[in-house]
Structure formats: structure tokens, C-alpha cells
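2 protein chains.
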Amino acid sequence: MKKIAIDAMGGEHAPQAIVEAVLSLVKQLPQTKFILFGDKNKIENCLIGVKCERIEIVNTTEVIDDSDEPVKAIKQKGDSSMVVAAKYVKDGQADALFSMGNTGALLACGIFIIGRIKGVKRPALMPTLPSSSNKLGFNMIDVGANAQSKPEYLIQWAKMAELYAEKIRKIAHPRIALLNNGAEFDKGDALHQEVYKKLLKEDLNFVGNIEGNELFSDKADIVVTDGFCGNIALKTLEGTSQVIVHEMKQSLLNNGIIVKLGALLAKHGLQSLKSHFDVARYGGAVLIGLNAPVVKTHGRSDKRPVYYTLLQIDKMLDEHLIDEFKKYFLNNN
Amino acid sequence: MKKIAIDAMGGEHAPQAIVEAVLSLVKQLPQTKFILFGDKNKIENCLIGVKCERIEIVNTTEVIDDSDEPVKAIKQKGDSSMVVAAKYVKDGQADALFSMGNTGALLACGIFIIGRIKGVKRPALMPTLPSSSNKLGFNMIDVGANAQSKPEYLIQWAKMAELYAEKIRKIAHPRIALLNNGAEFDKGDALHQEVYKKLLKEDLNFVGNIEGNELFSDKADIVVTDGFCGNIALKTLEGTSQVIVHEMKQSLLNNGIIVKLGALLAKHGLQSLKSHFDVARYGGAVLIGLNAPVVKTHGRSDKRPVYYTLLQIDKMLDEHLIDEFKKYFLNNN
Chain A
223 MKKIAIDAMG GEHAPQAIVE AVLSLVKQLP QTKFILFGDK NKIENCLIGV
273 KCERIEIVNT TEVIDDSDEP VKAIKQKGDS SMVVAAKYVK DGQADALFSM
323 GNTGALLACG IFIIGRIKGV KRPALMPTLP SSSNKLGFNM IDVGANAQSK
373 PEYLIQWAKM AELYAEKIRK IAHPRIALLN NGAEFDKGDA LHQEVYKKLL
423 KEDLNFVGNI EGNELFSDKA DIVVTDGFCG NIALKTLEGT SQVIVHEMKQ
473 SLLNNGIIVK LGALLAKHGL QSLKSHFDVA RYGGAVLIGL NAPVVKTHGR
523 SDKRPVYYTL LQIDKMLDEH LIDEFKKYFL NNN
Chain B
223 MKKIAIDAMG GEHAPQAIVE AVLSLVKQLP QTKFILFGDK NKIENCLIGV
273 KCERIEIVNT TEVIDDSDEP VKAIKQKGDS SMVVAAKYVK DGQADALFSM
323 GNTGALLACG IFIIGRIKGV KRPALMPTLP SSSNKLGFNM IDVGANAQSK
373 PEYLIQWAKM AELYAEKIRK IAHPRIALLN NGAEFDKGDA LHQEVYKKLL
423 KEDLNFVGNI EGNELFSDKA DIVVTDGFCG NIALKTLEGT SQVIVHEMKQ
473 SLLNNGIIVK LGALLAKHGL QSLKSHFDVA RYGGAVLIGL NAPVVKTHGR
523 SDKRPVYYTL LQIDKMLDEH LIDEFKKYFL NNN
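Protein sequence lines correspond, in order, to chains A and B. Just so we're aligned: the first sequence equals residues 223 to 555 in the numbering used here. Just so we're aligned: the second sequence equals residues 223 to 555 in the numbering used here.
Treat the hints as calculated values from the structure; they're not laboratory data. Given the structure is predicted, the values throughout are model-derived calculations rather than measurements. Note that CB positions come from ideal geometry on N, CA and C, so glycine has one too.
Capping the alpha-carbon separation at 27 Å, the derived lysine-lysine pairs in DSSO-like fashion look like this:
{"hint": "1", "chain 1": "A", "residue 1": "309", "chain 2": "A", "residue 2": "262"}
{"hint": "2", "chain 1": "B", "residue 1": "357", "chain 2": "A", "residue 2": "482"}
{"hint": "3", "chain 1": "A", "residue 1": "548", "chain 2": "A", "residue 2": "312"}
{"hint": "4", "chain 1": "A", "residue 1": "496", "chain 2": "B", "residue 2": "482"}
{"hint": "5", "chain 1": "A", "residue 1": "496", "chain 2": "B", "residue 2": "496"}
{"hint": "6", "chain 1": "B", "residue 1": "409", "chain 2": "A", "residue 2": "297"}
{"hint": "7", "chain 1": "B", "residue 1": "537", "chain 2": "B", "residue 2": "255"}
{"hint": "8", "chain 1": "B", "residue 1": "294", "chain 2": "A", "residue 2": "419"}
{"hint": "9", "chain 1": "A", "residue 1": "357", "chain 2": "B", "residue 2": "471"}
{"hint": "10", "chain 1": "B", "residue 1": "489", "chain 2": "A", "residue 2": "489"}
{"hint": "11", "chain 1": "B", "residue 1": "471", "chain 2": "A", "residue 2": "496"}
{"hint": "12", "chain 1": "B", "residue 1": "548", "chain 2": "B", "residue 2": "537"}
{"hint": "13", "chain 1": "A", "residue 1": "389", "chain 2": "A", "residue 2": "441"}
{"hint": "14", "chain 1": "B", "residue 1": "372", "chain 2": "A", "residue 2": "372"}
{"hint": "15", "chain 1": "B", "residue 1": "372", "chain 2": "B", "residue 2": "548"}
{"hint": "16", "chain 1": "A", "residue 1": "299", "chain 2": "B", "residue 2": "409"}
{"hint": "17", "chain 1": "A", "residue 1": "482", "chain 2": "B", "residue 2": "489"}
{"hint": "18", "chain 1": "A", "residue 1": "489", "chain 2": "B", "residue 2": "496"}
The following label-pair restraints were derived from C-beta to C-beta distances:
{"hint": "19", "chain 1": "B", "residue 1": "234", "chain 2": "A", "residue 2": "468", "range": "30 to 38 Å"}
{"hint": "20", "chain 1": "B", "residue 1": "423", "chain 2": "A", "residue 2": "468", "range": "35 to 43 Å"}
{"hint": "21", "chain 1": "A", "residue 1": "358", "chain 2": "B", "residue 2": "357", "range": "39 to 47 Å"}
{"hint": "22", "chain 1": "B", "residue 1": "357", "chain 2": "A", "residue 2": "482", "range": "20 to 28 Å"}
{"hint": "23", "chain 1": "A", "residue 1": "358", "chain 2": "B", "residue 2": "500", "range": "31 to 39 Å"}
Required output: the full structure, derived from the provided sequences and hints.
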């Protein structure tokens, strides 16, 4: 029986969205147990009388919120849903951790409680993002777990992302590119020039540099980046799409009745645009390099992203991804 | 008489778009002379018989194109439109340089031919970008002139951008933010932590860190960034908006006749969206820190961006911006 530890208190729609996702999955995943950590009363209220021996509740009394300083919070809020859930994973009472709470605190739980895989220098955060012509999208690693990166970190991330893409996304020989400020081999600062050289020497399908404007262009299945630039690129991408969608709505609503009518007629087309950029189906961002799958979705997520993220975690357990990572680092250190 | 040296051969629509812009401006700017560098026959063909003593053509026989390696190109193509134009500026025969050719080569012309202002450590590239609620947009510096940046460079860029925003964009006490991976003062890698501390000590209206998703949010009039991340952020921003606009068109065209009709009715609304993100009216990206205004627009630009960029250059000359820079560095070194 696979066991997923679920921080039921993180995120704007907790625990409702989380419990709903679990209820949708409990029949679909008969070999999986869902352990929900949080305020027992609140969780039970969302369960609306459903009883299932594969849904367990562990009552916790504290919650880490977004304003908490990560490392301090995991030390001081020892009975928080996130920390207790992480301890279950550490002690082997659960196999994986899900949360949509404070990203920094989850990272701290991952590093200080669950622990790194032996040989991994730095864990990294890896989401799956949409591509304009490839339904499988692409992975970007690291998008912000590390403010300061060294060349050897990026090589390890590339390798782990490759294994993830092969095992979980079922992409044979995934194409790996380096986010850089130009296409040519000698582009970038000292860090990126060094990473380029190292990637060439690895047994990876390295396809060269990729620029910010090509991220959606299906040039790569995996984009490797230092955590600082990766964070800025990801947030710029999110901010740009949000502002355009917002302005599009305003433009269609505030330009008179004809435009409004047109927008109504075009609704189906605009919805197909939305579904094109629907990232929920890809699941959450994986905190890669830890002794167990630790995955997070956006704090604003409703049921749907949670549902897909739990499916993603279940698949990672089915495919024994962490064992694959361990095997690799045992043979390459 | 102000004199603008114009590389008439760079960009996809050269020399047509460039000559058209000059023809539109020649009456509007009676105190300005336009010196066009390039293939005399081609330029004269675009001039369609118009004669004006303030439009001069300097025939050149070579063109630097996008595939040329910048430093090599300016050495080997001594009779290229860009290099000859830059030499006119260096020799005082012109006061400013416009080009929409190879950015790297223009940067090389700026540094090696026109030269840096005494005291400026590194020139930087600064475009004006749209904001969601402020018609004046914001400046971002550096977006890629430097792959490797040091803290002191960013401080100088902040200062020059401040003078630009005050003199040219007429913003009093422009708000300056640092592009970083989080809001708190201790965010970022060593470089950005150091820059944060230094910016606090300067006589600038420093408003703290800004994240990638806040770029459009009118939190700052100037965003300071190292050239590597700035390049990635700018290109990510461009790529994201291009892909969304492309997919939006596809969604509206390929979802049946009703959607198409809706799109037709909503056209006016969608055009207002387009004008919201119209960056042409801001002019071009300034190569800041040189002994003369050097400004470039995108190689794909048609007449309109060229028109606004030439206006921008003219304003920089009217306001004696370079003298302001020189004065600052004379007193602060």
C-alpha cells in the first residue's frame, strides 16, 4: 500500500479543495492510502460523512502560513500540519509528501526533516510548464530552491530531470537545454559557460542553449537553469500571462455592447485558449533530490490541481523514482 | 543644429521604414539634421524625389548583419553603414546614433568607437516597457549588454536611469526597484544582496525588490537588474506575450464560424488590448553610458517605432542628457 502524507492546511482553499481531491481519487487509486494532517474537525466537516479506511486523519494544532520565516517556522511550529506530515515521511509511516503551503517551509521540511538523497548537492524545484506545440509541456529546473547555484548542481538537476521525464512523463531521450542569454556556445556568465561545457560531456541529450523567448517553443523537454534566473523567468512568465489575460478581459468587457456580444460568441474560442495554457493537468512542482517525493501546487489552487498532483505523486511511487535517483547517485559519486 | 547619424541599412525593413520615418519627422523637427548611412541608390529610391537640405546621405558599401560576430564585424567591415555612422559621432560630425541592426555590433560600436563616459564602468541597454496601470511604463536596465555584472555597475545604471527618467520621461523622483527572487531585503544571490545594500545608501528613491510577476504592476519607474537575468526576463516577457497573442488568434480563427463572427464583433476590444501593450510609442532601447545617445529599435520594426525612437533621440539631445551624465560622473568619482 502506497501512503501519501497530505498537508491539509496549506493554501487558500484548504482543507476543502484538498479533501475534495482525495475523495475523487480514493476509488481510482485502490492501492493508495491518504493521510491528511491538520485540524481534525475542519477536515471531517469536508469529508461529509464519507468513511474509508484508506483515508486517515492526523490531528495537528498549528499551521505554517505564508508570512512565516521558513526555517524558524519548522523549528517553532513542531505540531504544524506540514512538519508532522514531513516527520511521517521521515519515519517511514508515509512514502511521499504533498503540500500547497509556504514553499520555503516545505523546502526546509524537505532538506532538514526528510533529507537529501546521498550524493545530491542541492535539491531543486521543478514544475512542468506548457509548450505551444507539445502537449507534454516541458520541465524547468531549478525555479527558485537555490538563490546561489554552482555548475555541478545544474548537472545533477539535469540528470534527475532526465530520469523524471523518462519515467513519469514517458519521454525517451528527453531534450535538455540550458537557459542562457544567447544561442551560441560561449554565451552567458562564467557559471553558464561552465555548465554548457559540462553538459556536453555528460551522457545526456543536450541540445544547447535556449533563450527566454523560446521557452514555449518545444525546443526542449527540460530547461536547466540556475535557481535565481529560473525564479525570475518563471515569475515573469506567470506575471506576463496574468496581465495579458486580465487586460484581455477588460478590453472585451469595457468597449461597448458590440464587443461584449462578440466576446460572448467567441467564448468557446477563448476557452480553448485557456485550456491550451492549463497547467493544472501537469500536476505540481517537484522538490527534486530528496529521500521521498515532495510535491507542491500553487497556494491558490482549487481541487483540480490538487487532484492531478496527487496522481503525479502516486505515479512517482509506482515508478520507484526515488530509487532510480538513489541508484544513479550511488554509481556516480 | 542637432545631427542624428542614422544607420539606414540595419533591420528587416531597411532602408524603407527608416526613410519613411525621417520623411515624417523632417518638418516636425526643424532644428534637426538626419544623416543617413547606407547604399545611396537604395536610400534615394525610398526618398521618392524629396529633397531637403537637412537630409544627407553618406554612401557606404558594407552592411553588418545579424549573423556577424560583433567585434570582428566592426573591425572587418570598416565601410559598413553602422561603423561609418558611429565614426561620424566620434568625430563630432553627428551628435547621436540610431540603428536597428545587430545589437552586439552596435554595442561594440558604442564602446570601441564612440566610447564610454569617463567614470562609467560598463554601458547598459535600457528599454522602456509597458505597465498595466501607468501609461509612462517603466525602464529596465540592463537587459543584456553585460553577461557578467558587478554590484557597482548596477548602482551606476540606477543613477543614469534616474537621470533619464527625470529629464526625458519627466518623472520626478522615479521609483527604483531591484529585480530579485523575493521581496525581503535578504533575498537573492550574493550580487543582488550586495546591490540591495548599496542602493539603500545612495541618494535614490529605492523602493526595494521587485519580482518577475510584478514587473507590469507599476511598483517602480525603473527596474535595475544584472544584464544576464535582465536579458532572460525581457525575452521571457516577449516570448510569453507573443505566444499568448498567437494562440489567441488561432483560438479565434479555428473554432468555427460563430467564434469567428464573435472575434469580428470584438475586434475593437482586441485592438484596444493591442494598443495597451504598444511599446513603439516609448521609442527604442538606449545604450546608456556612452559619449553620445545611441539608441536601437527591434530589427523587425516598421516605420512607427523608428519614428518614435528618432523623436526620443531628439529629446535626449534637447535635454543635454549626456552632459548630465558627465556632470554626475565628474562629481562622483
